[in-house]
Each structure stands twice: as C-alpha cells, then as structure tokens.
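> The lines below spell out each chain.
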Amino acid sequence: MNTTIMLFLLQDGITNGAIYALLGLALVLVFAVTRVILIPQGEFVTYGALTYASLAAGQMPGTAKLALAMGIAAFVFDLFVARQALHARLIVRAFLANIVLPAIVLAVTLYFAGQKPPVAICIVLSLVIVAMIGLYLYRIAFQPLAHTSVLVLLIASVGVHLALQGLGLLFFGAEGQRGPAVLSTSFAAGALRFTGQSIAVYGITIAFIVGLWLFFGLTLYGKALRATAVNRLGARLAGIRTSLSGLIAFLLASVIGALSGILIVPITTLYYDSGFLIGLKGFVAAIIGGLVSYPLTAVAALFVGIVEAFSSFYASNYKEVIVFMLLIPVLLLRSLAAPAVEEEKD
Amino acid sequence: MQSRLPILIFALVMAAIPHLPGMPPFWIVLLDNIGLTALVAMGLVLLTGVGGLTSFGQAAFVGFGAYTTAVLSTTYGLSPWLTLPLSLVVSGLLAVLLGLVTVRLSGHYLPLGTLAWGLGLFYLFSKLEFLGRNDGISAIPPLSVGSFKMLSPGSIYYAIWVAVILSALLTMNLLDSRTGRAIRALRRGHVAAEAFGVQTPRAKMLVFIHAAVLAGLSGWLYAHLQRAVNPTPFGAQAGIEYLFIAVVGGAGYVWGGVLGAAIVVVLKEVLQSYLPLILPGSGQVETIVFGIMLVALLQLAPGGVWPWLMSLLPERSDGRKPDTSLKLEARTRAQSQSNVLLQVEKARKQFGGVIAVNNVSFDVQAREIVALIGPNGAGKSTTFNLITGVLSATSGSISVLGKKVDNAPPQEIVKLGISRTFQHVKLVPDMTVLENVAIGAHLRGHSGPISSMLRLDRADEAKLLAEAARQIERVGLGEQMHQLAGSLSLGQQRIVEIARALCVDPMLLLLDEPAAGLRHMEKQRLATLLRDLRDGGMSVLLVEHDMGFVMNLADRIVVLDFGTKIAEGTPATIKTNPEVIKAYLGVAA
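Protein chains in written order, with the working numbering: chain R, 1 to 346; chain X, 347 to 935.
Any given hint could turn out to be false.
What the hints assert, rightly or not - Think about it this way: if two alpha-carbon atoms lie no more than 30 Å apart in a straight line, the pair counts; the simulated DSBU-like pairs of lysine-lysine are:
(1) X/Lys614 <-> R/Lys65
(2) X/Lys750 <-> X/Lys692
(3) X/Lys667 <-> X/Lys809
(4) X/Lys673 <-> X/Lys761
(5) X/Lys667 <-> X/Lys761
(6) R/Lys319 <-> X/Lys473
Hints listed in this document are in silico derivations from the structure and should not be mistaken for laboratory results.
My request is simple: use the sequences and hints to build the entire structure.
Below, the structure written as structure tokens:
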C-alpha cells in the first residue's frame, strides 16, 4: 500500500465518519432527552436524501403528503388530549401548526415538483418536510409513551422504523437514487482531490457540533433540554414543558438526519432501506461515546468511518463484521472501567 | 406455585388440533411457526422481562442452532437426533463467550451491545464459506423416528409443540425456585441480592445461557422443518422482532411469550394475505400497518397482552401456608472465642474530595444493641456500606470475629453472619412477601438451576419457605405473607426487610432506619422484637433518627458528625454530651 492509497482511504473514512458523527450526535441528543433509542434515525436520512433527489429530478416526493397526513393525526391527538378543556385558541393553534403548515409546504412542493427547482430550494423543502415528519412522529408515536420504560420505547421505535421504511418503499420505489452535488467545485492538494461535496460535509458537521455545543451551553432552551435529560420530574416541577423538550429533540434529530442524507446522496446511491445500516453505524459511534458525550461521539464516528474505509479495502467481505464487532472490545473496556452502579429504573 | 391443570388442558388441545376434521394444513404451518417463535420469545421473557437484560441478539443464537445441525447433518452426515445436543451445546457455549462480555454491561450498553454482535454475527453467517455464504445450506435431512420421516409440517408439529410445552414447564419450574428468586431479584438492581449471597454475574449468565439454549433449540427445529437454512432469518431485524414479540405478549410471563408469538405470527399472516385485497397493488403495506399496529398496541397496553388477559380472570389466591414444622439447618458458624463480633478501625471513605467517613473506629460485642446516630449526611449509611462490602474503604480495616475482612464482597460478608436492611427499601415489588423473605435464606439452600427445573429441589425448597414463613410470623406480618411486597405500606416493607435479614440466621443484624414510617405501636413492637433477638444471642447495629426509640433500646450509642466520630457511650452519657448537643442543635445548650 502506498501513501496515496492510504491518504485516499483516510479521506474517504473521514467523510463517512463525519456523517456518522452527525447521526451519532442526533441519537445521543434524542436518547438523552426522551430515552428513545431512535432506530428510525436512518429513515430520516433516506427520507431527506430521496426527497431531495426526487425534487431535483423533477418528481413529486410522497413525503410531503405523509407530513400532511401525520399532521392531521397529530391534530386529532392534540384535540383528544385536550378534550376536557377545549377552547378556541388552542384549537386554532393546533390547527395552524398541524394542518395549515404541512398543507402550505405540500402546496409549495407541488408547485416546484414539475419544474426541477434550483438545488437550494430542493434542500430547504426536503429539510422542512422531514423536520415536520420528525415533529409529528414524536407527537403521535412517542409522546403518549413518554412515561413508559426504555424497553417499551425501544420497541415502539422499532415499530416506527418498520412503518416508515415500508412507506419509503411506497414513495420512492425499490430503485436507488442519486442527487446533484450541493457544491460542485473541487480542488486538489497534492495527490488528494477535494470535492466541494466533501468540503460541505466537513463544514456542516463542524458547524453542527459547534452549534449544538452553543445551544446546550448558552441558550435557555438548551439548558431546559439538559435538565429534562437529567431528571424529568424535576424539570417539570421547575416549569419546563417536557413534551416540548421531546419535540425539540425530535426536530433537531430529523433535521440532522435529513441533512446527512442530502449530503451523502450525491456521493453514494441510496435506497429506501439504506438508512437503517447508516443509522446503525452512527449508533456504534454513539455507543462508543457512551450515549452522553458529544465530542467523544464525534471522535468515535471518525474512527468508525476510517476503520470502515480501511476494512473495505483490505477485507471488503468482512467490512460490516469488522465495524460491528469493533464495539465488543469498546464495550468490554467501558464495563471494566465503569464500576457496576445500582440501576432500578423501571 | 401455579396449578398444572391449565397447562395439561393446553397440551391436550394442542395435541388434538391436527386431528380436527377440516383443519386447513396451512394453519398447521402457522402453528409450527408460532411454536418456533415462542421458544425464542420464552427465553427472552426470562432474560429481558424477568432478568432485566434486554437482548437484540437472540436471532443469532437461533442461527447457531440451525447452522450447527445443518453443517453436521449435511457435510458430516450425522443423525439429527445426535446434532440436537450438539446444537444446544454450541448455542450454550457461544452464549458463555458472548455473555462474558455482554452481561457485565450496565444499563443501555447491554441492548446496544447485543444489537452490535447480532449484526456482526449475521454478516459473519452470510460471508463464511463453510456456511454457504448468502445461499446457506440446503438438503438438510428431516427428523425421523425409525422409518417415519417428519417431512410434512403436520408431522414435525408434535416435535415443535412438545419442545414448547416442555420448555415452558422447565422455565416455570426454574422461576419458582431458589435460583428463580435470585433471577427475579436481578431486575431491581443487584445490591440487595448480593447482600444475601446471590452471585449476580453468575445469575445473569445463567439466564443468558438459558435463553440462548432455547433459541438454539428453535434453530435446530427450524433447520429440520425448512430443511434449508440461509442467513436472512437470523439477522438484526429478526432479533428485534423476537424482542417485540416478548413485549407484546407480556415480557414478564412465560405464557406471554407464547401468546406474543401467536399474536405476531397470525397478525403478519393476516396482513399479508388480506391487505392486498383491501389495498391492491402496494407491496410493502403490511409492514407499514404492522409497524403502526405495534405502536398502537404499546400505547394501549404497555405491559403486554398476557397480564391484561389475566386481569380479566377472577383473582385466585395461591395462599397455601408453608409447613413451618420443617427445620432448616442453621448457618455454619465460624469457631471463635472472641467476644467482639465487629471491629471497625479507622475506617475512611473518600468520594473524590469529600470525606464521607473519616477514620471512624468502634466495635460491636456479642449480645449487644449498638446505635449509630448523627445528623443527616453524617456518614452512617456509608459506614453500613463499608461494613457490608457494598463500598470498599479508602483506608482502615474492618474485622469480624477477629479476622480482617477488608474489601470482601457483600456475598462473603453475609456468609460470616452479618445481614442488613436498607435505608431505601430494596424489595422486589412484584414478588410476594414470602418469596422476598426467602431470598434471605438463599445461602442456606443448595439446589441449583438444573435440579430446580426438574423439580428435584422440592425438599430443599420447602425448608427454605418454611424458614421464611417462620421469620415473617416472628416479625408479625403473617397475615401479609402472600401479598405482593409492593402493595404493603412503607413501614411494613421495612419490617419485611428485617424478616429477610433474619433468614440469614445472622449473628449481627445491621438495620438502616428500621423505625422510619412506623406508627407508635409498631415501633414498640419492633423494640420488643429487637430486645428478644438480643436476649436470644444476636447483636444489632442500627442507624436511627428517632431518639426516643434509640435511647430506650440501645445499650451503647456511637455518634457521627460530618463523617467523624464525636462521641460514644451509654444513652445516659450521650444525652448530656455537649458535643452531641452541639451537633444536633448547632450551639452548646
């Protein structure tokens, strides 16, 4: 192996690793705030990517309709919960947030769908659509279960994953898609060629890590989210609306997922079910990061990306085996390092 | 223990089903699948619902079982009956290997860890040459008895359901035993179980292996039903599916696993065959509907279907009182002339910069009630944890009967005859008072998991329960013996903890705030009980805030403040000690 190949593999690994880092961050965020292990994170990736690719190819993505349908369901849930104390302002607010908003987005999508809009519009529309799906998803599937155990939430998460993946097949078909590059410039540094796309990947990853760090460190909402993560009941007593925290976490996770999808769909072909595996690798990183630490997760994600790149070069057959088995020594170290603590959360 | 009658009826019904006239053969196929799935789900019930260890990796163990028999019966031409024990052994051995890494993981690492190796093993199955890569292995011989070959789904049906019913019986026997109580205590954290001698890592390993062997059995049957294996049914998706089958059925109940399997298999089948009629032309609709129904079911019945069904039945009280005439052998006592049971010398515990216990020394003599008092945060409970081995001391030494026991684990301390209660009650709320108390006698029983499964433990078990019943009556809770521990008042739960500690047959009883939450009369009864115990030869070390209670009861009092011992003496001298008054009231009175 010469240096060029090594550098090339390293570059490839870092690009993938950056994506895993984004997903790992989202998983940590959602888990910390809502205790949901977000298996459908992968679906946010594919939905974002394929919505973007469909729009760019001049097709109408089914996800916009799904957002409206889920919005209607969320509206019904809101009304049902508030049935004892319905008043006009509440109804109007729920109606605006759950029905008018996705309806407008659907209309805009329909308007642009036929005419191959510019890349920027495709990106914004895809992000908005997936963000709404994320929001309504929390409202419909997880908020009613917020008081249950991690296990029940996990199983619900699996159910959501199945449903969303099935819908993905319905919307986008079994064929894979690729999207146009977000940035089409490129330049060379020595033997390495940097595409605008990979620069965008790095830039956005770093921006998100810094952004999340600022959000959690400096803003009141960020602090409220952290408080919810530490102690749900305590946070409620302090006047934090924990369901709002859950909504924010899901909003962030779906935006991050969709963005990751938009970033990779110009590099690799994505299928309706590709998200699961990509999300799981973000998972591996999140676990190495202990499901709590953002910087550690980011570093671990880069490591996972690099290991994947090198093992696909040396032992491409065993690429996945190596990536997932990577966890075992890490978990072993973690369990040796962390003394057994009393857990009786139920 | 539960009555066997419903199981017998169930077995008869299952045996009769294939003989019903007009039974569509397709239903038999479905029942075969339900049985195979139920075996795996049953293992998960024990592992996840009862033991609290969530595993996504069970499909991999099904794979081990299936591939073992596939390779051995095709490549090496072994008889399927010979490969049955081998399949189980392979699953069990690999469970030991994976379990060594996995069961030590805490909290959420555990399910994620199992997900990781579940995925890794799936890819391994699909890449290994001798397992036929993605194509798998075909032409596996059918099961046969003599010249009768089980080629049809109808003939292997009996093999599958005999396996299911036998496994259910063995699993239920295991849960209703000394080992089973240890397993059931796992989910509520390990401190309480370890304080009574349960080797929690070993108990976790045991359920892990049990679940893996059941999965391996399912895999072995699967290989001979399909007569071909490929990696697909052993992937992460399948692992996830097994887990939700257990949750849907009711993760804490053996029959919940069977019910969950039935619900999910039938639901999938119905969706697959009828949905295209309602919504034609859409391929993946059943997955969508299935996913949505799953979430809806969890929102309506988060505990699963089985407990919900059971709650519809009239309540049956299983209130047979154990035969208290049976005697349990006393704990083997160490020979010692020493009159000093417990000697704490300059014990020190630091948590980072905080010194919780600062060079504290005191002792407890035979037949003595010593009270450890002090304001909140004085280090009393930490001292208890140092003595019982829950925490290890930073420096100093602790001796029992003149022998140093520094940093011995809790399981060793209890063997020396020191048993304890907890400041925050640590009972298993969904077990009866009797079962909770019987955990205290864990070390005085001998039956292991195998003899429990085969019901060879009944003599041992009857003695354990008799001892538990005796101690419950001794503390005055005979009426509540068959109630669930979680349904008692907090004060009563503290008394249950005392009964559990007495089951150890201790020489020294450590009580952490036993009188908190008790009414006046109950406190008096407790004081009388403790005096009786002392007069019977036992010593008591207690932490308590109720000064009236302590002053009337204790022979000697040790006062801690900010981790340091500030006074020691009889109640009379402590009452007038200026240091003590200052610690409690802030100024010298």
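> Let me make sure I understand: some of the numbered hints might not hold for this structure. Which ones are they, in numerical order?
Nothing - there is no hint that the structure violates, so all of them hold.
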